[in-house]
Amino acid sequence: MTEKVLMSGNGAVGEAAIQAGCRHYFGYPITPQNELTAYMAERLGELGGVFIQSESELAAINMVFGASAAGARAMTSSSSPGISLKQEGISYIAGAELPCVIVNVMRAGPGLGDITPSQADYFQAVKGGGHGDYRLITIGPASVQELYDWTARAFYLADKYRNPVMILGDGFLGQMMEPLEIRKIKELKLPPKTWALTGAKGRRANIIRTLMLKVGELEEHNKKIQNKYRRIEKELVEYEAVLTDDAEIILVAYGMCARICKESVFLLRKEGIKAGLIRPITLWPYPSAIIRKISNNVRYVLTVEMSAGQMVEDVKLAVLGRCPVYFYGRMGGGVPTSEEIVNRIKELEVQRHKGTKKKE
Amino acid sequence: MKKIFGRPRSMTDKPFHYCPGCGHGIVHRLIGEVIDELGIQDRTIGVPPVGCAVIMYHYFNIDMTEAAHGRTPAVATGIKRVHPDKVVFTYQGDGDLAAIGTGEIIHAANRGERITTIFVNNTVYGMTGGQMAPTTLLSQKTTTTPLGRDARLIGYPIKISEMLAITDGSIYIERVAVNKPANIIKAKKAIKKAFQVQLEDKGFSMVEVLSQCPVNLAMTPQKAAEWIDNTLIKTYPLGVIKDKSG
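First to last, the protein sequences are chains U and W. For the first sequence, position 109 (counting from the first letter as 1) is numbered 109 according to the numbering used here, and the numbering increases by one without interruption. Take any residue in the second sequence, note its place counting from 1, add 1000, and you have its number in the numbering used here.
Worth flagging that the hints you see were computed from the coordinates, not collected in a lab. Treat each hint with caution, since some may be false.
[As the list claims (entries may be wrong)] In silico EDC-like links for lysine to aspartate or glutamate, alpha-carbon gap of 20 angstroms or less:
| no. | chain 1 | residue 1 | chain 2 | residue 2 |
| --- | --- | --- | --- | --- |
| 1 | U | 201 | W | 1033 |
| 2 | U | 201 | W | 1037 |
| 3 | U | 234 | U | 133 |
| 4 | U | 4 | U | 149 |
| 5 | U | 274 | U | 347 |
| 6 | U | 346 | U | 271 |
| 7 | W | 1189 | W | 1200 |
| 8 | U | 160 | U | 235 |
| 9 | W | 1159 | W | 1229 |
| 10 | U | 270 | U | 340 |
| 11 | U | 127 | U | 238 |
| 12 | U | 316 | U | 233 |
| 13 | U | 201 | W | 1036 |
| 14 | U | 201 | W | 1085 |
| 15 | U | 201 | W | 1042 |
| 16 | U | 346 | U | 238 |
| 17 | U | 193 | W | 1037 |
| 18 | U | 228 | U | 238 |
| 19 | W | 1014 | W | 1033 |
| 20 | U | 193 | W | 1226 |
| 21 | U | 316 | U | 248 |
Remember, it's a predicted structure, so these values are computed and weren't measured experimentally.
Required output: the full structure, derived from the provided sequences and hints.
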């Protein structure tokens, strides 16, 4: 039987990690994700796991590197400025192909910014963030239940692909409370971690490294991880489509913004405007194919983000000029309302109507 | 004929890449001998630094992982917390440990992490071509202190071992040198003791090894060895700095 509880998004991430067998957490406090750090301290204490409040974000991510290299399921979490500090370690983890889960409960920036929700770390999450050619599997959940389900799955995906996975939430999602079903986690069998550092008993020594000095060796390594990324792009894309079948206008948004956009779609439909929504769930790999397909059949796309416009670039790349792509965004902790989005669509409708008249 | 001397079992037969007169090869060998003598080859995990010793995993038959510059103690912490029954050691130079990684080493020591750190101090950045280290002596010339280190501009040689000794989590800290046979014998004893402190689950242990970098000190190997005796140990005296293992 599944247990139903009322829980915050941050707590849901923590419980999912525990259920997925994560017994090693390393983190440094930062608002608005502190409930998660506290949750891990409490639960790992009960279970005899390892919780370390590190001296810095740098130390935390490198402790994750060590724990993952040693074969454990390890996690860290932070919020935007802290994730910036972790980028050094994330690049090394990606380069060494170590599995781990990194949670970013985004807040507004740049700089110290504000503790209010934001989606302005999209570039940093899906385009690399640290140095070198690498990708993070990046998930953008939109509810407390999804935070739970995807965090649990993130550990499996990290192990399956030997790649760091980032859960990209925001301060809204992290701190709000919703009913949550604590579901039992079922996983497919994974191969044993024969590469892990366990002491070279009865086998040859295992070496984990990212320095490759021999001519061509690093290029080969990069080709290998790029091939892995292509495989992930084929196997992992997930999205939600709302009323897209007969839609003439498509909204694209993820996370909390997508929930607000869903409401906008219903409001627009009431007024006879055939709107639909594509909500990318995996932000990398990106659901480009469905957006491309739909762009053949709609008048235009409106991307909505809590940023100056970051994901909109991926939408434009997917659409490739098949239809216009517009953007509506709020920054610095501003959260769009469903009415604002409806009004933006109405503006666009008026503008486009005028444009058509002129042509005639 | 009875073999009385050979390569430690925990080491490979790959020739070292180090410059003539460099101390790293000696320190590596001492670690290899200690691992053999303690019989811990199949449960030791090493974390080399960024710098000249970054590829030291080629020379050992043990599990090892690289770490980002200065983050070695954090990586070792992660490994040790997953495998408390294994022996985890880090190997760091003066740039790695005393500059970019000061935060990590102080807090690993203060947490009493059950790891052993081998800290090789040759007062200069070797890999990057002879720049100043935090441990560079006053008046010492490097590529970034061409007129000699001036305390007014860049401060004083940092005494990491003494600093770490005041943390309650550190159990055993000794400073040794590898510039002559008598010191090398003492250095090995200290490294062995540091590993034993870890095996006894007592807390953080570290051996600071004064070493020679003839190329970047712009000295012959012999002069560099003499310089340790005549000059370096005046700022960094040898001996046990802390021992709470008893």
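We went through each hint and held it up to the structure:
With a CA separation close to 18 angstroms, the supplied pair residue 201 (chain U) and residue 1033 (chain W) stays within the 20 angstroms bound. Note on residue 201 (chain U) and residue 1037 (chain W): the hinted pairing holds, with a Cα-Cα distance of about 17 angstroms set against a maximum of 20 angstroms. About 19 angstroms separates the Cα atoms of residue 234 (chain U) and residue 133 (chain U), which keeps this hinted pair within 20 angstroms; it holds. Among the hinted pairs, residue 4 (chain U) with residue 149 (chain U) is consistent with the structure: their alpha-carbon atoms are about 14 angstroms apart, no more than 20 angstroms.
For the proposed pair residue 274 (chain U) and residue 347 (chain U), the alpha carbon gap of about 15 angstroms is at most 20 angstroms, so the pair holds. With a C-alpha separation of about 10 angstroms, the suggested pairing of residue 346 (chain U) with residue 271 (chain U) holds against the 20 angstroms cut-off. Taken as a hint, the residue 1189 (chain W) and residue 1200 (chain W) pair is honoured in the structure, with Cα atoms around 16 angstroms apart against an allowance of 20 angstroms. For the suggested pair residue 160 (chain U) and residue 235 (chain U), the alpha carbons sit about 12 angstroms apart, so the restraint of at most 20 angstroms is met.
Straight-line distance between C-alpha atoms of residue 1159 (chain W) and residue 1229 (chain W) comes to about 17 angstroms, which keeps the hinted pair within the 20 angstroms bound. With a C-alpha separation of about 16 angstroms, the suggested pairing of residue 270 (chain U) with residue 340 (chain U) holds against the 20 angstroms cut-off. As the CA atoms of residue 127 (chain U) and residue 238 (chain U) are separated by approximately 18 angstroms, the hinted pair is consistent with the 20 angstroms bound. Straight-line distance between C-alpha atoms of residue 316 (chain U) and residue 233 (chain U) comes to about 18 angstroms, which keeps the hinted pair within the 20 angstroms bound.
Restraint check: the Cα-Cα separation between residue 201 (chain U) and residue 1036 (chain W) comes to about 14 angstroms, which is no more than 20 angstroms; the hinted pair holds. The hinted pair formed by residue 201 (chain U) and residue 1085 (chain W) meets the criterion: a straight-line CA distance of about 13 angstroms does not exceed 20 angstroms. The straight-line distance between the Cα atoms of residue 201 (chain U) and residue 1042 (chain W) is roughly 4 angstroms, inside the 20 angstroms bound, and the hint therefore holds. Using a Cα cut-off of 20 angstroms, the hinted pair residue 346 (chain U) and residue 238 (chain U) is violated, with the two alpha carbons roughly 30 angstroms apart.
Restraint check for residue 193 (chain U) and residue 1037 (chain W): not satisfied, since their Cα atoms lie roughly 30 angstroms apart, outside the 20 angstroms limit. Restraint check for residue 228 (chain U) and residue 238 (chain U): satisfied, since their Cα atoms lie roughly 18 angstroms apart, inside the 20 angstroms limit. Under the criterion of a C-alpha separation no larger than 20 angstroms, the hint pairing residue 1014 (chain W) with residue 1033 (chain W) is consistent with the structure, at around 16 angstroms. In summary, the hint linking residue 193 (chain U) to residue 1226 (chain W) is not supported, as the alpha carbons are separated by about 49 angstroms, beyond the 20 angstroms threshold.
Restraint check: the Cα-Cα separation between residue 316 (chain U) and residue 248 (chain U) comes to about 17 angstroms, which is no more than 20 angstroms; the hinted pair holds.
In this structure, the earlier hints numbered 16, 17 and 20 are contradicted, and the remaining ones agree with it.
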